[in-house]
Amino acid sequence: KAGVTQTPRYLIKTRGQQVTLSCSPISGHRSVSWYQQTPGQGLQFLFEYFSETQRNKGNFPGRFSGRQFSNSRSEMNVSTLELGDSALYLCASSLGLGRGTEAFFGQGTRLTVV
Amino acid sequence: ILNVEQSPQSLHVQEGDSTNFTCSFPSSNFYALHWYRWETAKSPEALFVMTLNGDEKKKGRISATLNTKEGYSYLYIKGSQPEDSATYLCALTNSNSGYALNFGKGTSLLVTP
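Those protein sequences? They're chains A and B, same order as listed.
Going letter by letter, the first sequence gives residues 1 to 114 in the working numbering.
Going letter by letter, the second sequence gives residues 1001 to 1113 in the working numbering.
None of these hints come from the bench; they were simulated from the model.
All values derive from a computational prediction rather than experimental measurement.
Every residue, glycine too, gets a C-beta built ideally from N, C-alpha and C.
Please note that a few of the clues may not be correct.
[As the list claims (entries may be wrong)] A partial selection of chain B residues facing chain A, derived with a Cβ cut-off under 10 angstroms:
1) LEU1011
2) TYR1031
3) ALA1032
4) ALA1041
5) SER1043
6) THR1051
7) LEU1089
8) SER1097
9) TYR1099
10) LEU1101
11) ASN1102
12) GLY1104
13) GLY1106
I would like the entire structure built from these sequences, with the hints used as guidance.
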């Protein structure tokens, strides 16, 4: 069974540009969550989608947005990139049927903003 | 944002030693406590999901306990091996956080031969 796939794995962008990251969940999983990890910080929750609906949003500015498609694949977009957006972005998929459901993570996209 | 704290921040043990880490969290409105292992250059891997006070779970040499009334969980590794070297993360969900996993900053474990 294929795991969670994130593309691209690495990305370099310039300040002010925008970026789109992609996440393909495990087959049958309807929930996709996104997390950001910056140096010295733990994983910070961005948002969670279930069956194309955003159920939860973390404390991030509106420049961070996401969406989920009918096949459960999800994209995350960051507009007007800032240097502080340089981070590892992880997505996780789960069946999403309850808060005690196990989540499976991808390997992440490493974004560098210069 | 929920305050999930892990201690120690890092740990260096010799092969064969047993070790344990702590995860502390707000006890109110508890729903679930997740433990993950994150090896360098890999994805975080789920170890346990615990929901009931007094829960004890075990996977090989790794076990975990949960106390939801006082807001802590312990992770134990018996007879540490070099392949146990990783960062161990705990994450909390409660009725206020919805489906978000609120992570601690992790405990970085290094096991040397």
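Results for each hint:
1. LEU1011: At about 17 angstroms, which exceeds the 10 angstroms cut-off, the nearest Cβ of chain A leaves the hint on B/LEU1011 violated.
2. TYR1031: holds, 4 angstroms
3. ALA1032: Hint holds; B/ALA1032 Cβ to chain A Cβ min 4 angstroms, cut 10 angstroms.
4. ALA1041: Holds: closest Cβ of chain A sits about 8 angstroms from B/ALA1041, inside 10 angstroms.
5. SER1043: holds, 4 angstroms
6. THR1051: Holds: closest Cβ of chain A sits about 5 angstroms from B/THR1051, inside 10 angstroms.
7. LEU1089: The hint holds - B/LEU1089 has a Cβ within 10 angstroms of chain A, the shortest such distance being about 7 angstroms.
8. SER1097: holds, 8 angstroms
9. TYR1099: Holds, because the Cβ-Cβ distance from B/TYR1099 to chain A comes to roughly 5 angstroms (cut-off 10 angstroms).
10. LEU1101: At about 6 angstroms, which falls below the 10 angstroms cut-off, the nearest Cβ of chain A leaves the hint on B/LEU1101 intact, so it holds.
11. ASN1102: holds, 7 angstroms
12. GLY1104: B/GLY1104 check passes; min Cβ-Cβ to chain A is 6 angstroms, inside 10 angstroms.
13. GLY1106: Status holds, d = 7 angstroms.
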